[in-house]
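Participant: Listed below are the residues making up each chain.
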Amino acid sequence: MNLPSPLLQVRQLTKQYGFRIACADVNFDLFPSEIICLVGESGSGKTTLLNMIAGRIKPDRGSVRYDLGELGSRDLWDLSEAERRLLARSEWGFVEQNARDGLRMRISAGANIAERPMMLGQRHYGKIRRLASGWLERVEIDPERIDDFPDQFSGGMQQRLQIARNLVTNPHIIFMDEPTSGLDVSVQARLLDILRSLVGNLQLSGLIVTHDLAVARLLSDRILVMKEGRIIESGLTDQVLDDPHHPYTQLLVSSILPS
Amino acid sequence: MRSPFLKVSGLYKSFTMHHRGGIVLPVLQNVSFDLFAGECLSLVGPSGSGKSTVARCIYGNYRVDAGEILIRTGGDPDLVSLPNAHPYQIRQLRENFIGYVSQFLRAIPRTPTLDVVMEPLLRRGLDKNSASQHARVVLRRLGIWERLWSLPPATFSGGEQQRINLARGFAPAYPILVLDEPTASLDKPNRNTVIELIQEALAAGTAVIEICHDEEVRAVTATRSLDLARKNDTPRELTH
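Order-wise, the sequence lines are chains A and B. For the first sequence, the working numbering gives the first residue as 109, with consecutive numbering after it. For the second sequence, the working numbering gives the first residue as 530, with consecutive numbering after it.
So here's chain A without its partners, still in its complex pose:
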């Protein structure tokens, strides 16, 4: 019953914009094969927190330590820019809210998926193409469309393509910023289901920003509730949603429409 060593350790993470606190004194650990959802309304600091943890925004204070296996645990912001980029490309995936920001629109679907494996040194054309076509199938896109451009895809397909592009190199951690928010409900359900089974099969860990508690219920093991830049409540997903303690969490939970 001992805890495994965490993949990520977030300590005292703080960011201010002028006088406005975007994120204050955030502490938590992310364990292997664990999905954490950051919930809260817009402006609560979720995206700032995600971006600091993913190495995209430099915090004012605090640390993000990442377990690099044999190299030990290192603070993200002690690494060089190049090291951070390599880490992001090889160990992490980042799924943007808007698929167009996470895809390259001027290259084919297959090339979008192939980009990361090629950056990490794969060169065999046939192998890469088979890999890309296999991934299109896993995210329920017809592999016949491997040479189509992302522009020719629907919003839901683009989002699924972005997920394939990120997961193709088997990253340890996936970061996602509101992955379902721009999609129709029926399209959302399919995306969530695909995500759910991929996360289970690949033993991924993840940090997902969402304002949608139904998404959190379906995807996450744990929830951190943010308000005004601070974590005001946390726990297992079912604990927080079935027995919310903080007034703000109770407000969020009571605002869900019954299904």
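These aren't lab readings, by the way, just hints derived from the structure by calculation. Incorrect hints may have been included.
[Claimed, not checked] Here are the in silico distance ranges between beta carbons for each label pair: (1) LEU608(B) / PRO140(A): 22 to 30 Å; (2) PRO638(B) / ARG169(A): 38 to 46 Å; (3) PRO112(A) / THR752(B): 33 to 41 Å; (4) MET546(B) / ARG119(A): 54 to 62 Å; (5) GLN662(B) / PRO112(A): 46 to 54 Å; (6) GLN662(B) / MET227(A): 51 to 59 Å; (7) GLU245(A) / ARG753(B): 41 to 49 Å; (8) ARG652(B) / GLU336(A): 32 to 40 Å; (9) GLU725(B) / GLY242(A): 40 to 48 Å; (10) PRO112(A) / PRO638(B): 38 to 46 Å; (11) ARG531(B) / GLU178(A): 40 to 48 Å; (12) HIS232(A) / SER532(B): 35 to 43 Å.
[Unchecked claim] Footprint (simulated), chain A over chain B, 3 or more residues, beta carbon under 8 Å: (13) 585-596; (14) 618-625; (15) 637-644.
Note that the Cβ used here is the ideal one computed from N, Cα and C, for glycine as well.
We have chain A already, so just place chain B on it with the hints.
Facilitator: The following block gives chain B in isolation, referenced to the frame of chain A:
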């Protein structure tokens, strides 16, 4: 000396409704009991007396205000405190030590029935083949037609959903199994199957906590009961 699988002491749980003028509902007050292997404790008391709340606290779904819930793991340490466990450890406790069957199935969109039942087995590290075989046996016993197995249960009847939920709860063997109204929407043959499943689990050494309005089921499964109705008093234990 035998040690209990589950040791509950001085449990308090209240709910504060911050958006209803801060009303505080004190549901559990000083609930204590020990549960040993092969025992079936029936929680009794009128609606609202906190039976389901006790069940949910033991599963770690509700966080207690005060009191202790110790789960015997046979590991190091042998007794793990649920209220003090990290969420990650609560997940481990649920995977291996505490099963829970609620009244309603929380269906996951697009996930087939067979997968719903297999999931807890796969989480324990069973290979797909054995998990699937095992899940099929339990589904068949609970009378879920084979042609439904590949379909997601969202559109099934209440009774079918409950039986799928039961199949999921009974498929893995747990040291502690919590059953909240396991027979509420079942017909007689299926109810009898559930009685058999409970009795088999007890014979295999599982400690069961049940909430069950069906007196007949209770009469043949419960070895003890705990009356939660007496609010101003410590809940009284009745012996059979």
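Participant: Each hint needs a verdict: does it hold in this structure or not?
Facilitator: Evaluated hints:
The supplied range of 22 to 30 Å is met by LEU608(B) and PRO140(A), whose beta-carbon atoms lie about 26 Å from each other. Here the CB-CB span from PRO638(B) to ARG169(A) is close to 41 Å, well matched to the stated 38 to 46 Å. Separation of PRO112(A) from THR752(B) is about 38 Å and conforms to the stated range, judged on CB atoms against 33 to 41 Å. The given range of 54 to 62 Å is broken by MET546(B) and ARG119(A), whose C-beta atoms sit roughly 34 Å from each other.
Evaluation of the 46 to 54 Å hint for GLN662(B) and PRO112(A) yields a failure: the beta carbon distance comes to about 30 Å. Checked against the hint of 51 to 59 Å, the C-beta distance between GLN662(B) and MET227(A) comes to roughly 43 Å, which is inconsistent with it. The hinted window of 41 to 49 Å between GLU245(A) and ARG753(B) is violated, with their beta carbons roughly 54 Å apart. For the pair ARG652(B) and GLU336(A), the supplied restraint of 32 to 40 Å holds, since their beta-carbon distance comes to about 37 Å.
Between GLU725(B) and GLY242(A), the C-beta spacing of about 45 Å keeps the proposed range 40 to 48 Å intact. Range check, PRO112(A) to PRO638(B): about 30 Å between beta-carbon atoms, so the 38 to 46 Å window is missed. The hinted window of 40 to 48 Å between ARG531(B) and GLU178(A) holds, with their beta carbons roughly 46 Å apart. For HIS232(A) and SER532(B), the hinted distance range of 35 to 43 Å is not satisfied, since their beta carbons lie about 60 Å from each other.
Against chain A, the segment 585-596 of chain B contributes 5 residues with a C-beta closer than 8 Å to a partner C-beta. That satisfies the three-residue criterion, and the hint holds. Counting residues of the segment 618-625 of chain B whose C-beta sits closer than 8 Å to any C-beta of chain A gives 5, which meets the bar of three, so the coverage hint holds. Counting residues of the segment 637-644 of chain B whose beta carbon lies closer than 8 Å to any beta carbon of chain A gives 4, which reaches the threshold of three, so the coverage claim holds.
Hints 4, 5, 6, 7, 10, 12 from the earlier list are contradicted by this structure; the remaining hints agree with it.
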